[in-house]
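These protein sequences, in sequence, are chains A and B.
10 is the number of the first residue of the first sequence in this note's numbering; add one for each residue after it.
118 is the number of the first residue of the second sequence in this note's numbering; add one for each residue after it.
Among the clues, some could well be false.
[What the hints assert, rightly or not] Some chain B residues close to chain A (C-beta under 10 Å, calculated; not the full set):
hint, residue
1, LEU132
2, ILE139
3, SER140
4, SER167
5, LEU169
6, VAL207
7, VAL211
8, ASP213
9, MET214
10, ASP600
11, THR604
12, GLN607
[Unchecked claim] Between beta-carbon pairs, the in silico distance windows are:
hint, chain 1, residue 1, chain 2, residue 2, range
13, B, SER135, A, LEU280, 30 to 36 Å
14, B, ILE306, A, LYS50, 38 to 44 Å
15, B, VAL259, A, CYS283, 34 to 40 Å
These are calculated hints, taken from the structure and not from any lab test.
Keep in mind it's a predicted model, so treat the numbers as computed, not measured.
A virtual CB, placed ideally from N, CA and C, is assigned to each residue, including glycine.
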Amino acid sequence: MLRNFFRHLDPPLCLSLIVLSGLSLVVLYSSSGENMELLYKQAIRIAIGFLILFSVAQLSPETLQRWSPYVFSVGLILLSMVLLVGIVGKGAQRWLNLGLFRFQPAEIMKLGVPMMVAWVLTRHPLPLRLRELAIAAAIVGGPTILVILQPDLGTAILIAAAGVLAIFLAGIGWRWILVLTAALGAAGPLLWTMLHDYQRRRILTLFDPWSDPLGAGYHTIQSIIAVGSGGANGKGWLNGSQSQLEFIPERSTDFIFAVFSEEFGFIGAVLMVCLYFFVVARGLYIAFSAQDTFSRLIGGALSLTFFFYVFVNIGMVSGLLPVVGVPLPLVSYGGTSMVTLMAGLGMLMSIHTHRKLMPQ
Amino acid sequence: MVNIRIKDYVRETNLIQSRLVISSIIVALLCLVLLGRLYYLQIQQHSHYSTLSRENRISFVPIPPARGQIYDRKGRVIAENLPTYTLEVVPDNVPDMDAALDQIAQLIELSDTDIKRFNAALRARPGFEIRTLKSGLTEEEVARFAVNQHLINGFQINARLQRHYPFGPEMVHVVGYVGRISEADLERIDRNAYRGTDYIGKLGIEAHYERTLLGQSGYEQVETNAHGRVVRTLSRVSPVAGKDIYLNVDVDLQTAAREYLGEFEGAIVAVDPGTGGVLAFASNPVYDPNPFVNGIDNKSYQLLREDKGRPLLNRALNGRYAPGSTIKPIMGLAAMEDRRSPFERVFGKGWFSLRGSTHRYRCWKKEGHGWVDLHDAIVQSCDVYFYTLANNLGIEKLHEFLTRYGLGRETGIDLDGEPSGLVPSKEWKRNARGQPWWPGETVIAGIGQGYTLATPLQLAMVTATLANRGVRNKPRLVRAVGDSGATKLQELGPQTIEQVPIRNQKMYDVVIEAMVDVVHGKRGTARRSGQGAEYRFAGKTGTAQVVGIKQGATYKEENVAKRFRDHALFISFAPADNPKIAVAVIAENGGGGSRTAAPIARKVMDYYLIGPPPPPEEEPGKEDDAA
Numbered sequence: 010m011l012r013n014f015f016r017h018l019d020p021p022l023c024l025s026l027i028v029l030s031g032l033s034l035v036v037l038y039s040s041s042g043e044n045m046e047l048l049y050k051q052a053i054r055i056a057i058g059f060l061i062l063f064s065v066a067q068l069s070p071e072t073l074q075r076w077s078p079y080v081f082s083v084g085l086i087l088l089s090m091v092l093l094v095g096i097v098g099k100g101a102q103r104w105l106n107l108g109l110f111r112f113q114p115a116e117i118m119k120l121g122v123p124m125m126v127a128w129v130l131t132r133h134p135l136p137l138r139l140r141e142l143a144i145a146a147a148i149v150g151g152p153t154i155l156v157i158l159q160p161d162l163g164t165a166i167l168i169a170a171a172g173v174l175a176i177f178l179a180g181i182g183w184r185w186i187l188v189l190t191a192a193l194g195a196a197g198p199l200l201w202t203m204l205h206d207y208q209r210r211r212i213l214t215l216f217d218p219w220s221d222p223l224g225a226g227y228h229t230i231q232s233i234i235a236v237g238s239g240g241a242n243g244k245g246w247l248n249g250s251q252s253q254l255e256f257i258p259e260r261s262t263d264f265i266f267a268v269f270s271e272e273f274g275f276i277g278a279v280l281m282v283c284l285y286f287f288v289v290a291r292g293l294y295i296a297f298s299a300q301d302t303f304s305r306l307i308g309g310a311l312s313l314t315f316f317f318y319v320f321v322n323i324g325m326v327s328g329l330l331p332v333v334g335v336p337l338p339l340v341s342y343g344g345t346s347m348v349t350l351m352a353g354l355g356m357l358m359s360i361h362t363h364r365k366l367m368p369q
Numbered sequence: 118m119v120n121i122r123i124k125d126y127v128r129e130t131n132l133i134q135s136r137l138v139i140s141s142i143i144v145a146l147l148c149l150v151l152l153g154r155l156y157y158l159q160i161q162q163h164s165h166y167s168t169l170s171r172e173n174r175i176s177f178v179p180i181p182p183a184r185g186q187i188y189d190r191k192g193r194v195i196a197e198n199l200p201t202y203t204l205e206v207v208p209d210n211v212p213d214m215d216a217a218l219d220q221i222a223q224l225i226e227l228s229d230t231d232i233k234r235f236n237a238a239l240r241a242r243p244g245f246e247i248r249t250l251k252s253g254l255t256e257e258e259v260a261r262f263a264v265n266q267h268l269i270n271g272f273q274i275n276a277r278l279q280r281h282y283p284f285g286p287e288m289v290h291v292v293g294y295v296g297r298i299s300e301a302d303l304e305r306i307d308r309n310a311y312r313g314t315d316y317i318g319k320l321g322i323e324a325h326y327e328r329t330l331l332g333q334s335g336y337e338q339v340e341t342n343a344h345g346r347v348v349r350t351l352s353r354v355s356p357v358a359g360k361d362i363y364l365n366v367d368v369d370l371q372t373a374a375r376e377y378l379g380e381f382e383g384a385i386v387a388v389d390p391g392t393g394g395v396l397a398f399a400s401n402p403v404y405d406p407n408p409f410v411n412g413i414d415n416k417s418y419q420l421l422r423e424d425k426g427r428p429l430l431n432r433a434l435n436g437r438y439a440p441g442s443t444i445k446p447i448m449g450l451a452a453m454e455d456r457r458s459p460f461e462r463v464f465g466k467g468w469f470s471l472r473g474s475t476h477r478y479r480c481w482k483k484e485g486h487g488w489v490d491l492h493d494a495i496v497q498s499c500d501v502y503f504y505t506l507a508n509n510l511g512i513e514k515l516h517e518f519l520t521r522y523g524l525g526r527e528t529g530i531d532l533d534g535e536p537s538g539l540v541p542s543k544e545w546k547r548n549a550r551g552q553p554w555w556p557g558e559t560v561i562a563g564i565g566q567g568y569t570l571a572t573p574l575q576l577a578m579v580t581a582t583l584a585n586r587g588v589r590n591k592p593r594l595v596r597a598v599g600d601s602g603a604t605k606l607q608e609l610g611p612q613t614i615e616q617v618p619i620r621n622q623k624m625y626d627v628v629i630e631a632m633v634d635v636v637h638g639k640r641g642t643a644r645r646s647g648q649g650a651e652y653r654f655a656g657k658t659g660t661a662q663v664v665g666i667k668q669g670a671t672y673k674e675e676n677v678a679k680r681f682r683d684h685a686l687f688i689s690f691a692p693a694d695n696p697k698i699a700v701a702v703i704a705e706n707g708g709g710g711s712r713t714a715a716p717i718a719r720k721v722m723d724y725y726l727i728g729p730p731p732p733p734e735e736e737p738g739k740e741d742d743a744a
């Protein structure tokens, strides 16, 4: 029974996830000002995360495929409820209070949207045609807009990315990609008017954070200073002045990479990027060697979404991308994103370990 | 349906797999982008960001608390905080400090002392904390600086509170002063408590009650621009003002007392016997404490140090004088404590000799007082009586008894650096001088000469103890403390040390009656000072020799240079039956206690008990060179 349980794990993936979780605790100890209570909480979350990963890995890809419409529907209902009865958390409505704990339905959609897209596309022959594309676009667009309305730009982008990546993998024609890109470019100004002031400022200051060093550019500048001042070898654990003197905002959550690279330097940062690259590469390999279309699509989409997290987060911390609330997978302090990430990684393991010997 | 498409498994697989390969390549490329960015920031631009991280734009600006104010007995401000313009700088924001100082020197006069002190301050604390270059800028200097401010980065003018002593010299020996924190101070204080504060109590009440007066500093988290100027405040923790202090001392009485000393150097200490509250604590001459607040310049300080009158010496606290005949009342108590009858008489023949010695210990009255008992001996200050008494008691008993009354011991006043004075003993002489005790030294100790030393404060407290019939209180300059602006004060109350153990309380009657007759009796040494008094008071004159007089020679004031003349002493309390004030007066080189010191004490008591005198009165008579 127990052997069966572990049979559905992928050792290389597991190992790198454990290393990342360990790093998370090390950096959190420093960024939280040596707050043991916070560390315990994160350790418990990691434990719960692995438990979810193991559990999801037990499910077969067929089961996951069957469940996809339900996951998506439940997510859609909850998202609508958030808008209706959601309580205000940090000035934005993101949380649903379920009595014992607060729940962020948008997180479900990070899995629900790519699952639904893969489910829909698997039912039709590929490559896509306009009709399927329109359905897929609606599946991606609907929840994204709901999340934008919350407003939570970061999560919305992640949900959209997960769906779009699934569509991309399904073989949308390059022509379409070109057209969509152009359409998005045209929609830019329209979107611009829909954005909140603070979001606009964040995007503007992306191009020149120093134009508003004490306002919108402040986070980015302090973060870049932290990263840059780390140098090759870093300032040493617990010795980052930017982190310890609390210059870095959100240093335990979204900007934890700034703390890490300030204290462990370029060497540490390269190691971490490589570690993430390994996780993503392993995920893409699993998708590549999967045996059915749904598995390939969902496996590839989840791997790429994982990478999207990493890229957006590190890009934001190092001043390449605007500040959007995207956590660094497995390392940032926080619960909900941990759960969905681990469930996604569990799906990858499920895909890899449920392969059947097939006659070629 | 015409257009049925069949799922082509192989085609689909190839399609997705090719997309996965493309994705992998993109992922790898994006990883390289990230690594490239990190390389650019952490390796290529490292030194730039290192600098930025050091000179970060968020800084903590400490806010000094307002120092507690000091009020006198009647609520007049003795020490206050006045706003002043100060030129300040966060040293980290100035790349070339020497060049900046040169520039500033062209706009604002900077003395060598200013620069020296500033350089010391630079070393004392971390570079991100604000430092003062100069305070007390004139409006003109402020204007001149403001015009040129853009040329001088890092420096700014702020309005700060600065200590000011409105009564200047009059209260300096009580209140002392604050000064800039020196490097020596830094070694003994908690630096955090003084963040943002440049001043620390150096002397007097300001030093002794430093913790009460200081308060707690607060801070502001501010964002500064590239030139170190504050752009906006992010958060603020308010400072807590120091507590105000209310003195027992009455400025008017203190000022009047010092005025009464006139040209004499000396001290006057007046206390309320019942509480130990110090009503006046005057030392003459005085100096202005205000220049000390920001550091007095060397030249002026040198002048004060070299002044013959030694104004820096707080005579009331630190002046040590032979108490002379003022200890005779205590000697009288010692006699009775030793079960000697106060009615036992001694023949005052003008001098006293130890058995088997030809050395004559002379009485101040050459012809002698004739037969005197204890009462007469105190009233007329008969030296021979007390020579005999001291010789009979012996130095050990004498030492023990005088010490009981607080001589040779700190009074415990709320000031720092109080000396203990000295009541000699055989043991003391062996330890301090390595010499045996001579019987003759006992004899002169009986009239408060020789090794015996007492401070004016000690004499006042001994007098208060007599007035209290043995209750010893600690002298208290401070009556109460209170939060800034509070109406309800925390009264500190009297601090009683003990009831001096003595065989019989009635012995005080004998001594006090004699002391009353010193001023009111027909033959009292200070009878002129008692004339016309609206109340009865008790006193005792004293004269302390400054130089010894050769055997057979006569002390003639005219023949002695002023600084070798005897010190004039007087102790008294009034009213005799319900003492409200006890006074000790010492006029250095004043000649006799009865002629110089007693009238001063009377005036002080008059002032306190009756009120300020209407017009100035004429000079006291010139006779009764009693001691």
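Tested hints:
no.	hint	verdict
1	LEU132	holds, 4 Å
2	ILE139	holds, 9 Å
3	SER140	holds, 6 Å
4	SER167	holds, 5 Å
5	LEU169	holds, 5 Å
6	VAL207	violated, 16 Å
7	VAL211	violated, 21 Å
8	ASP213	violated, 24 Å
9	MET214	violated, 23 Å
10	ASP600	violated, 33 Å
11	THR604	violated, 41 Å
12	GLN607	violated, 39 Å
13	B:SER135 x A:LEU280: 30 to 36 Å	holds, 31 Å
14	B:ILE306 x A:LYS50: 38 to 44 Å	holds, 41 Å
15	B:VAL259 x A:CYS283: 34 to 40 Å	violated, 60 Å
Checked against the numbered hints given earlier, this structure breaks hints 6, 7, 8, 9, 10, 11, 12, 15; the rest are met.
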